[in-house]
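Peer 1: Each chain, letter by letter, is given below.
2 protein chains.
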Amino acid sequence: MKASQFFISTLKEAPADAEVVSHKLMMRAGLIKRLGAGIYNYMPMGLRVIRKVENIIREEMNRAGAVELLMPVVQPAELWQETGRFEKMGPELLRVKDRHERDFIIQPTSEEVITDIARQELRSYRSLPKNFYHIQTKFRDERRPRFGLMRGREFTMKDAYSFDRDEASAGKSYEQMYAAYQRIFERLGLTYRAVAADTGAIGGDRSHEFQVIADTGEDALIYCPNSDYAANIELAEALPLITTRGAATKPLTKTPTPGKSTCEDVAALLGVPLQTTVKSLVLATDEKNEAGDVLKSTVWLLLVRGDHQLNEVKAGKVPGLKDGYRFATVAEIEDHFGCKPGYLGPIGLKKPVKIVADRTVANMSDFICGANEIDFHITGVNWGRDLPEPDVVADIRNVVEGDPSPDGKGTLAIQRGIEVGHVFFLGTKYSKAMNATYLDETGKPQLMQMGCYGIGVTRIVGAAIEQGHDERGIIWPDALAPFRVVICPIGYDRSAEVQTAADQLHDQLQAQGVDVMLDNRGERPGAMFADWELIGVPHRVVISDRGLKEGKVEYQGRRDAQATSVGVGEIGAFLTSKLA
Amino acid sequence: MKASQFFISTLKEAPADAEVVSHKLMMRAGLIKRLGAGIYNYMPMGLRVIRKVENIIREEMNRAGAVELLMPVVQPAELWQETGRFEKMGPELLRVKDRHERDFIIQPTSEEVITDIARQELRSYRSLPKNFYHIQTKFRDERRPRFGLMRGREFTMKDAYSFDRDEASAGKSYEQMYAAYQRIFERLGLTYRAVAADTGAIGGDRSHEFQVIADTGEDALIYCPNSDYAANIELAEALPLITTRGAATKPLTKTPTPGKSTCEDVAALLGVPLQTTVKSLVLATDEKNEAGDVLKSTVWLLLVRGDHQLNEVKAGKVPGLKDGYRFATVAEIEDHFGCKPGYLGPIGLKKPVKIVADRTVANMSDFICGANEIDFHITGVNWGRDLPEPDVVADIRNVVEGDPSPDGKGTLAIQRGIEVGHVFFLGTKYSKAMNATYLDETGKPQLMQMGCYGIGVTRIVGAAIEQGHDERGIIWPDALAPFRVVICPIGYDRSAEVQTAADQLHDQLQAQGVDVMLDNRGERPGAMFADWELIGVPHRVVISDRGLKEGKVEYQGRRDAQATSVGVGEIGAFLTSKLA
Numbered sequence: 001m002k003a004s005q006f007f008i009s010t011l012k013e014a015p016a017d018a019e020v021v022s023h024k025l026m027m028r029a030g031l032i033k034r035l036g037a038g039i040y041n042y043m044p045m046g047l048r049v050i051r052k053v054e055n056i057i058r059e060e061m062n063r064a065g066a067v068e069l070l071m072p073v074v075q076p077a078e079l080w081q082e083t084g085r086f087e088k089m090g091p092e093l094l095r096v097k098d099r100h101e102r103d104f105i106i107q108p109t110s111e112e113v114i115t116d117i118a119r120q121e122l123r124s125y126r127s128l129p130k131n132f133y134h135i136q137t138k139f140r141d142e143r144r145p146r147f148g149l150m151r152g153r154e155f156t157m158k159d160a161y162s163f164d165r166d167e168a169s170a171g172k173s174y175e176q177m178y179a180a181y182q183r184i185f186e187r188l189g190l191t192y193r194a195v196a197a198d199t200g201a202i203g204g205d206r207s208h209e210f211q212v213i214a215d216t217g218e219d220a221l222i223y224c225p226n227s228d229y230a231a232n233i234e235l236a237e238a239l240p241l242i243t244t245r246g247a248a249t250k251p252l253t254k255t256p257t258p259g260k261s262t263c264e265d266v267a268a269l270l271g272v273p274l275q276t277t278v279k280s281l282v283l284a285t286d287e288k289n290e291a292g293d294v295l296k297s298t299v300w301l302l303l304v305r306g307d308h309q310l311n312e313v314k315a316g317k318v319p320g321l322k323d324g325y326r327f328a329t330v331a332e333i334e335d336h337f338g339c340k341p342g343y344l345g346p347i348g349l350k351k352p353v354k355i356v357a358d359r360t361v362a363n364m365s366d367f368i369c370g371a372n373e374i375d376f377h378i379t380g381v382n383w384g385r386d387l388p389e390p391d392v393v394a395d396i397r398n399v400v401e402g403d404p405s406p407d408g409k410g411t412l413a414i415q416r417g418i419e420v421g422h423v424f425f426l427g428t429k430y431s432k433a434m435n436a437t438y439l440d441e442t443g444k445p446q447l448m449q450m451g452c453y454g455i456g457v458t459r460i461v462g463a464a465i466e467q468g469h470d471e472r473g474i475i476w477p478d479a480l481a482p483f484r485v486v487i488c489p490i491g492y493d494r495s496a497e498v499q500t501a502a503d504q505l506h507d508q509l510q511a512q513g514v515d516v517m518l519d520n521r522g523e524r525p526g527a528m529f530a531d532w533e534l535i536g537v538p539h540r541v542v543i544s545d546r547g548l549k550e551g552k553v554e555y556q557g558r559r560d561a562q563a564t565s566v567g568v569g570e571i572g573a574f575l576t577s578k579l580a
Numbered sequence: 001m002k003a004s005q006f007f008i009s010t011l012k013e014a015p016a017d018a019e020v021v022s023h024k025l026m027m028r029a030g031l032i033k034r035l036g037a038g039i040y041n042y043m044p045m046g047l048r049v050i051r052k053v054e055n056i057i058r059e060e061m062n063r064a065g066a067v068e069l070l071m072p073v074v075q076p077a078e079l080w081q082e083t084g085r086f087e088k089m090g091p092e093l094l095r096v097k098d099r100h101e102r103d104f105i106i107q108p109t110s111e112e113v114i115t116d117i118a119r120q121e122l123r124s125y126r127s128l129p130k131n132f133y134h135i136q137t138k139f140r141d142e143r144r145p146r147f148g149l150m151r152g153r154e155f156t157m158k159d160a161y162s163f164d165r166d167e168a169s170a171g172k173s174y175e176q177m178y179a180a181y182q183r184i185f186e187r188l189g190l191t192y193r194a195v196a197a198d199t200g201a202i203g204g205d206r207s208h209e210f211q212v213i214a215d216t217g218e219d220a221l222i223y224c225p226n227s228d229y230a231a232n233i234e235l236a237e238a239l240p241l242i243t244t245r246g247a248a249t250k251p252l253t254k255t256p257t258p259g260k261s262t263c264e265d266v267a268a269l270l271g272v273p274l275q276t277t278v279k280s281l282v283l284a285t286d287e288k289n290e291a292g293d294v295l296k297s298t299v300w301l302l303l304v305r306g307d308h309q310l311n312e313v314k315a316g317k318v319p320g321l322k323d324g325y326r327f328a329t330v331a332e333i334e335d336h337f338g339c340k341p342g343y344l345g346p347i348g349l350k351k352p353v354k355i356v357a358d359r360t361v362a363n364m365s366d367f368i369c370g371a372n373e374i375d376f377h378i379t380g381v382n383w384g385r386d387l388p389e390p391d392v393v394a395d396i397r398n399v400v401e402g403d404p405s406p407d408g409k410g411t412l413a414i415q416r417g418i419e420v421g422h423v424f425f426l427g428t429k430y431s432k433a434m435n436a437t438y439l440d441e442t443g444k445p446q447l448m449q450m451g452c453y454g455i456g457v458t459r460i461v462g463a464a465i466e467q468g469h470d471e472r473g474i475i476w477p478d479a480l481a482p483f484r485v486v487i488c489p490i491g492y493d494r495s496a497e498v499q500t501a502a503d504q505l506h507d508q509l510q511a512q513g514v515d516v517m518l519d520n521r522g523e524r525p526g527a528m529f530a531d532w533e534l535i536g537v538p539h540r541v542v543i544s545d546r547g548l549k550e551g552k553v554e555y556q557g558r559r560d561a562q563a564t565s566v567g568v569g570e571i572g573a574f575l576t577s578k579l580a
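Residue numbers (full-length UniProt numbering), protein chains in the order written: chain B, 1 to 580; chain Y, 1 to 580.
These are computed hints drawn from the structure, not numbers from a lab. Incorrect hints may have been included.
Treat identical chains as interchangeable: a pair holds within one or across any two.
[Unchecked claim] Think about it this way: if two alpha-carbon atoms lie no more than 25 Å apart in a straight line, the pair counts; the simulated PhoX-like pairs of lysine-lysine are:
| no. | residue 1 | residue 2 |
| --- | --- | --- |
| 1 | 33 | 97 |
| 2 | 172 | 2 |
| 3 | 354 | 288 |
| 4 | 12 | 2 |
Please work from the sequences and hints to get the whole structure.
Peer 2: Put into C-alpha cells, the structure is as follows:
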C-alpha cells in the first residue's frame with residue numbers, strides 16, 4: 001500500500017489526558033482518536049492492528065473447534081432478569097429503553113444470550129460439547145474510564161462459551177481453551193504469563209488469567225522461577241514464614257507510643273524490626289432476616305504481621321466471612337475495643353470479638369500490638385500466655401517477594417502484568433438460573449456445565465505497547481504491526497530512479513503477501529523516519545539517490561541502533577529472511 | 001470443514017411471525033435466530049454469508065481508494081446536537097443516558113462523527129479528497145420491525161463518507177463510489193439495478209439507489225428497456241400523455257353520481273373510460289411567524305387523471321409547496337369547496353384555492369370531475385371555457401408502466417426491487433452545520449463537499465434470498481453461499497471406502513481454498529439432502545458405496561433438475577471447472 005491511498009496522522013505531543021505510555025503513543029501515532037470519555041474512533045492505522053489481533057484469535061479459536069457466531073450489541077433485558085444480573089449489576093451496565101419503553105442493555109458480555117441459544121439449540125447429549133464464540137463490540141460504563149483502550153467504555157472483546165455434559169468434559173473444554181490461548185499469545189508475539197486466579201463464589205480451581213508482562217501493569221503476578229507455579233496476588237498462597245512458634249521470652253509490657261499508630265512508626269520508635277509487630281484490621285458481619293433487617297452483627301479482628309498486607313479476597317474465604325463482610329464502623333470498634341482505630345489489638349477487649357490470625361502471626365512470639373488505648377502499644381505478647389489462641393488461623397495476607405513457593409520449589413517472585421485474557425469454569429451458574437438442560441442417554445434432563453473465555457481485543461493493543469516501546473515510539477511484534485515493512489524513499493517525486501526502485505520493492509513485497517507501506521507523502525527524511533518510528537513498523541528500508549549510485553539501500557530494524565547497507569539486488573532476499 | 005466441527009440447525013417449519021420468504025428461509029436454514037423484535041443472533045451459518053458480503057464490499061471499497069476505520073456504536077449526543085439531528089430525528093434514534101446522565105445515541109449512521117474527524121484531521125486542500133468507511137453495527141428503533149434482516153432494528157451497514165474540496169471533485173468521488181458499487185453487486189452475483197433517486201432538500205441530481213431485483217421488493221423501479229434510463233418511482237419523470245389539448249366538444253353538465261365518490265365508480269356508472277376522469281386531492285400550506293404561530297393557511301387542489309396516483313415527493317417540489325405541506329382538514333375543505341371530500345372539483349369554489357394540474361390533466365378536454373356537491377359530478381369540463389387555466393402545471397403523478405420514457409427512447413417498464421445501497425451527494429449539509437473546513441491554496445477556509453454511501457450488509461443477505469429461492473429452500477449465488485460445495489457421504493461411519501473418498505475430496509478442495517463442507521453428521525440421505533437444499537449450497541457431491549463400486553460419485557448443482565454421474569477420478573477437475 002502507498003501512503004497516498006491510506007491515512008496517516010501523527011502528533012508531536014500527546015493530549016494532556018493521556019496518562020500511560022500506550023495511551024500517549026496510540027494517540028500520537030494516530031491509531032485512535034477520542035470521541036468521548038472512554039470512547040474512541042479506531043483510525044485506519046489502529047484498525048489494522050486490531051484486525052490482526054482478531055484474525056489470530058479467530059484462527060486459533062477455530063482450530064480449537066470453537067464455532068463463531070455474532071450476538072447483538074443491544075439485548076433485551078428479559079434474559080438478564082432471568083439471571084438477576086439486570087438488577088444486580090451496577091451502573092457499569094448500560095441500560096436503555098426503546099420507543100415502547102421496554103428495557104434493553106448494551107452488552108458487556110453475553111452469558112445470558114448464549115445460554116438462551118444453548119437451551120434452545122443443544123437439546124441432546126449428542127449436541128455436546130459445543131463452544132460458541134463471537135468478537136463483538138462491548139460497552140461497560142466505567143466510573144472513571146482512562147488509559148485509552150486499556151480501560152475504555154466501548155471496546156472489542158472475544159468471548160467464548162463452552163457447553164458440556166459433565167464436569168470431566170467441561171474440564172477438557174477448559175484445557176482446550178487454555179491451550180488455544182497459549183497459542184494465541186505466542187502468535188501475537190507477546191511476553192505473557194498464565195496465572196491461576198480466584199474463582200469467587202463458583203469455587204473450584206479452574207480460572208486462569210492471561211497477563212501481558214509490563215512494568216506498568218495494574219496486576220501483581222506471583223510466580224516461582226524454579227517451577228510452573230503462577231497465580232495472581234488474590235489467589236497466590238502465603239505459607240507461614242515461621243514454621244514453629246518460639247517460646248515466650250519477654251514480659252507483657254504496656255509501652256507508650258505517643259502519636260505512633262502505624263506498625264512502621266512503632267517499630268522505628270522502639271528500635272525493633274517491623275517483623276515483630278502485628279497489624280489489626282477490624283471487619284464485621286451481619287446476620288439478617290428475610291426482610292433484610294440486621295438481627296445481629298459480629299465483629300472480627302484480623303491480624304497480619306506489620307510488614308504484610310491484608311488480602312481481602314482471602315479474608316472472604318474465612319469461615320464466617322464467606323457470605324460477605326464489611327469494614328467495621330468506628331462506633332463498633334469503640335464499643336468492642338474501647339479505643340479508636342490506630343492502637344487496636346487482641347488484648348483487653350470490651351466485648352467478644354472473633355480473632356483471625358494470619359498463618360505467620362499465629363506462630364509469632366514476643367510480638368507487639370496495639371494496647372486498645374490511645375498512644376500505647378503492648379510488647380512481649382505471646383499466644384496462650386497473654387491471650388487465648390486465635391479463633392481462626394488462615395492465609396489472609398498478600399504474598400510478598402521472597403516468600404516460599406507453595407509447591408516447595410523455591411521462593412516466589414513478583415512481576416507486573418496487564419490482564420488481557422481469562423478462562424473460567426462456570427459450572428452450572430448460568431445453566432441453573434436459566435434452566436439450560438440437555439437430555440442424557442436415558443432421556444433425563446441434565447444441567448449443562450459451562451465455561452467462559454474472554455480476550456480483550458482492543459486491550460491487547462494497549463498492552464502490547466506497554467510492553468514494547470522506547471523513547472521514539474511503539475515497537476510492535478511483527479504479528480501486530482499495522483505494516484511489517486515501510487519503504488522510505490528520499491525524493492520519490494524528484495528522482496525517477498528512487499521512484500522506480502521503491503515501486504519495484506513495494507510491488508515485489510506486496511506480491512509476496514507482505515504488509516508493506518511505501519511512504520510517498522513527500523515528507524522530509526527526518527519527519528518521515530520519526531513518523532514510522534513512532535508508529536513502530538518493525539522493518540524500514542530507505543531508498544535514496546546517493547545509495548542507489550552505489551547500488552545500495554539501507555535497512556534498519558525498529559530495535560536496531562543503526563542501519564545496515566544492503567545491495568539493491570539483495571534487499572528482497574534480505575527482507576524475506578528477516579520476515580521469516 | 002466437517003459438520004462435526006460446525007453448527008447446523010434447520011427447522012421443518014418457519015415461525016409464525018416470519019412473513020416473507022427470506023425471513024422464513026433464514027430461520028429455517030438456521031442462519032439467524034430471533035433474540036427480540038427486530039434483533040437477531042447471526043448464527044454460524046448466517047455469519048459466514050455476512051462475512052462474505054463484508055469481504056467483497058471491503059475489497060472493492062479499498063480498490064476504490066476508500067480507507068477503512070471504525071467509529072463507535074455508542075456516540076455522544078453533542079455532535080448530534082450540532083447538526084440538530086438529536087432533536088429532529090424521531091424515536092427511531094435510540095437515545096441513552098450514561099451513569100452521569102449524559103446523553104448518548106446508538107448510531108444509526110455516522111455523518112456527525114466522521115465530519116468531526118474530518119474537520120480535525122483534513123485541515124488542508126492537500127489532505128483532500130478523502131473517503132473513509134466503516135462496516136459497523138447500526139441500530140434503528142423501527143416502529144414495526146419485520147421481514148427478518150430486511151427491516152431489523154440492529155443491523156450491519158457499510159457507510160462511507162467522501163470529503164472533497166469542490167463540487168467537481170465531489171462528483172468524481174461520487175462516480176468512483178457508483179462504479180465500486182457496480183463492481184460489488186456484480187461480484188455478489190445479484191441481479192440489480194441502479195436507479196436515480198430523489199435528493200430531497202439537498203437538491204442536485206446525484207443520488208442513486210442500488211436495488212436488488214425481486215418480485216417481493218417494496219420499491220417500484222422505473223426503467224426504459226431500450227436505454228439506460230432508470231429511476232425510482234419518487235423521481236421518475238412522468239411526461240404528459242396528451243401532447244396537445246383537444247378542443248371542447250361537450251357541454252358542461254352536472255351529472256348525478258349517487259354514492260359514487262371514486263373515479264373508478266364514476267367512470268363505470270357513466271360508461272366512460274377512466275382516462276376521462278380527474279382526481280382531486282386537497283393540500284394545505286401554513287405561513288408561520290417566528291414563534292411558530294400560523295398566520296395564514298393556503299388551500300391547494302392537486303389534480304391527476306383518474307387512473308394516476310399523486311406522487312407526494314413530486315408534489316413537494318411544486319413552487320409554494322416546497323417548504324412543507326400537509327393534507328387539508330375536512331373543515332378547510334368544506335370551507336373552501338362547500339362540500340365534503342368525495343365529490344370535489346375545481347369548479348364552483350367558495351374561497352380561493354391554488355390549482356395544480358398534472359401535465360396530463362392540463363392537456364385534457366371534455367373531462368369529468370367532482371361537482372363540489374354530494375352525489376354529483378360534472379362532465380364535459382374544459383380548461384379556459386369552464387374554469388381558468390391552472391395556477392401551476394407540474395409533474396405530480398407516479399409514472400405507470402407504458403408511459404413514454406423521458407429520454408424519448410421508448411416506453412417505461414416497472415419492476416420491483418429491494419434497496420440495498422445508496423450513493424448520495426450531500427454537498428455542504430453537514431460540513432456547514434459542523435463547520436468542517438479546509439484551508440485552500442490561499443489559506444482561506446472553505447467548506448468541504450461531502451458524499452455518503454451506504455450498503456445494508458445484512459439486508460443484502462435477505463434480498464439475495466428474495467431473489468434466489470425455490471420451494472426447497474435458498475439458492476445462493478456462489479459468492480454468498482456459506483459453503484460452495486457440500487460433500488454428502490452415504491454411510492460415512494459404516495463404510496471405510498466412503499469415508500476415505502469423502503475425506504480425500506474434502507481435503508483436496510480445502511487445499512485449493514474452496515469453502516467445502518463434509519456432512520459427517522450421520523443423517524439419513526433424505527434429511528441430509530433436504531438440509532443442504534434448504535441451506536442452498538450451490539454444489540453437492542454424493543458419495544456412496546454403490547456409486548464407488550462403479551467408480552462413480554454424483555454431482556448436482558442447486559438449480560439442476562437431476563444429478564450427474566462423475567468418475568471418482570474426475571470429480572476434482574469437474575468441480576474445479578464448475579467453480580471457475
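Peer 1: 25 Å Cα cut-off: does residue 12 pair with residue 2 within a copy, between copies, both or neither?
Peer 2: within (23 Å within a copy, 52 Å between copies)
Peer 1: At most 25 Å between alpha carbons: which applies to residue 33 and residue 97, within, between, both or neither?
Peer 2: Intra 29 Å, inter 22 Å, cutoff 25 Å: inter-copy only.
Peer 1: Tell me, please, which holds for residue 354 and residue 288 at an alpha-carbon limit of 25 Å: within, between, both or neither?
Peer 2: For residue 354 and residue 288, the Cα distance is within 25 Å only inside one copy (19 Å; across copies 78 Å).
Peer 1: How do residue 172 and residue 2 come out at 25 Å by Cα distance, when the copy is not named: within, between, both, or neither?
Peer 2: So residue 172 and residue 2 pass the 25 Å test across copies only (21 Å; inside, 47 Å).
Comparing the model with each earlier hint shows no violations; every hint is respected.
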